[in-house]
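One letter stands for each residue in the lines below.
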Amino acid sequence: MTTFIQHVVDALSVGATYALLALGLTLVFSVMNLINFAYGMMLVWSAYAAYGMLDHGVPFVLAVPLCILFATLLSMAIGRIAFRPFIGAPPITLLITSFGVLLVIQYLAILCFGEQPRILRLPSFFSDVAEIGSIRVPVLELITIGTGAAVVAVFYLVLNRTAFGAQLRAAAELPDVTRLMGVKPDRVLMVAFAISGAIAGVVGLLWFAKVGAITPRSDLDPTIKAFIAIVLGGLGSTRGAILGGLALGAIEVTLSATLSGDALGYQPAIVFAAVIAILILRPRGLSGTTLEPAR
Amino acid sequence: MLLQADGIVVGYGNTRVLKGISLSLMEGQALAVLGANGAGKSTLMATLAGLLRPWEGRIVLDGEDITDVPAEERPVLGVALAPEGRGIFTTLSIEENLLMGATSLKRRFGAADAKRRTAETLDRVYTMFPVLGARRKDGGGKLSGGQQQMLAIGRALAAQPKVLLMDEPCLGLAPKVGNEVYAALHELRREGQSLVVVEESSRRALEFVDRACVIKVGEKVLEDDAAAMREDDRLLEAYFGIQAAGPEA
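From first to last, the protein sequence lines stand for chains A and B.
Just remember that our numbering sits 608 ahead of the position in the first sequence, which is counted from 1.
Just remember that our numbering sits 24 ahead of the position in the second sequence, which is counted from 1.
This is chain A alone, in the form it adopts within the complex:
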């Protein structure tokens, strides 16, 4: 029973990370049909920002909001410079643009920080283990779950209770009609990139707090996980992104817990097989609907 509860906490924590990743990626997709392959690199940059600040003695409580602010501004700058000129362009153009952005910011990172891993120096309580009765849970997992829940709550407040949120939902559904209302498409895009960037800032800290070391090529894993999660949950739907992230976390943790010795090496392949099996049964993903109704 104790191990089971520990696995559930594991799954929730991994799933919360994936859900946030997917949320940030799907948001921009829903307003621009863009799968941003540079997304993982934004996590890497926000982790480098945190690394730089913590190494120069900026207190942790100050470094966290500054890091999120940095990721938000970086995302908006990328959106403004690289993607705004392509509003309404075919998805393939956007895809290639996002690879271009990925290469540019990846090589910038190599220039600034080199290839060697950088260690994120976090306060010591991040590596503590909490004991609740007979259950031992890493503090980082509790922080991850709590942060995940808080970000999702704030996200839904913004989406459902603000004028910006209404414009985002409207633009995701009917972009042309949204323009007829007097809403500027480039502003909607900037709001989407800002929120997506803020989420990338948060999840970048959580991700690299767990991984420990940052390299300029650490972006692939989070990008792929986010992509799997949004496909699994249903492309373009925020509910789907959260569902997909949690489901992916659950699948991974279940496999890690049940596979033995040699088979464990095949875990990533088996995860993909499970995702493919789910998609064969539910081609439009777990949530079954998208923000944008089928045409």
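Please keep in mind that the hints were generated in silico from the structure rather than gathered at the bench.
Errors might be hidden in some of the hints.
[To be verified] Examples of chain B residues toward chain A, derived with CB under 7 Å:
hint : residue
1    : Ala73
2    : Ala95
3    : Val100
4    : Gly111
5    : Glu120
6    : Met124
[Claimed, not checked] Across the chosen pairs, the derived CB separations fall in these ranges:
hint : chain 1 : residue 1 : chain 2 : residue 2 : range
7    : A       : Val762    : B       : Ser46     : 48 to 54 Å
8    : B       : Lys200    : A       : Phe694    : 44 to 50 Å
9    : A       : Phe707    : B       : Val84     : 42 to 48 Å
10   : B       : Arg214    : A       : Asn768    : 34 to 40 Å
As the structure is a computational prediction, the values presented were derived from the model and not from experiment.
Glycine residues also receive a C-beta, built at the ideal position from the N, C-alpha and C atoms.
Position chain B relative to chain A; hints supplied.
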């Protein structure tokens, strides 16, 4: 002259849909654009609303050339379109749909004035269409076709437009529901709202507009006062290309 279009040529890809259409609307007037399916009526509306940029010709509002003003700026100048197929945001509530329609008020009148006007405009729409007021928190997708059309018109009115553009407000509605929509349009006319309405069937439209024109495969083939047009056999002729008064017709 409130709204004037001169020699509009526009299309999609390489296909010319409108081949030099001109029309004009006086302050307080209502104009009907009639024509069969595929004549280019919706293309004309999309061009007037700024979703399509004309290849040739120009559009003038209140003496100002707005040909190159994009769609998102036109409601700020006072042009609002209730689009083809209604374009209701199903993921937004009824009230959120109306508030979207009022978005441009802030840029047009300033923040303080916009707040008052938004409240005012919501009241007006809910008075005109009580069913929308009663269901204001419901999702836009839960409404019937007729209610969605009322919402589309209400949403366009929320921009407090100088010119209200309506693309086939009765498309796909049962006759009784269509009559309810037209009752609301009659009321708008009494209040002096300038408007352009696109219709496939002419009878109902001709009863409440001042002028009407008929377009056929992208060209204007007839324009006259609505009263004259009602009596006129040329209308049927323009529509169907037959001699309406002829013995075989």
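Taking the hints in turn, this is what the structure says about them:
Nearest Cβ of chain A to the Cβ of Ala73 (chain B): about 6 Å, under the 7 Å cut. The hint holds. Annotation: interface hint on Ala95 (chain B) holds; nearest CB of chain A at approximately 4 Å, less than 7 Å. Checking Val100 (chain B) against chain A by beta carbon gives a least distance of about 6 Å; that is within 7 Å, so the hint holds. Against a cut-off of 7 Å between C-beta atoms, the interface hint on Gly111 (chain B) holds, since the closest Cβ of chain A lies about 4 Å away.
Hint status for Glu120 (chain B): holds, given a least beta-carbon distance of 5 Å to chain A, under 7 Å. Using the Cβ-Cβ criterion of 7 Å, the hint placing Met124 (chain B) at the interface with chain A is satisfied: the shortest such distance is roughly 5 Å. Between Val762 (chain A) and Ser46 (chain B), the C-beta spacing of about 53 Å keeps the proposed range 48 to 54 Å intact. A hinted range of 44 to 50 Å holds for the C-beta pair Lys200 (chain B) and Phe694 (chain A), which are about 47 Å apart.
At roughly 45 Å, the beta-carbon separation of Phe707 (chain A) and Val84 (chain B) lies within the given 42 to 48 Å, and the hint holds. Arg214 (chain B) and Asn768 (chain A) have their C-beta atoms about 38 Å apart, which keeps the hinted 34 to 40 Å range intact.
Checked against the numbered hints given earlier, this structure breaks none of them.
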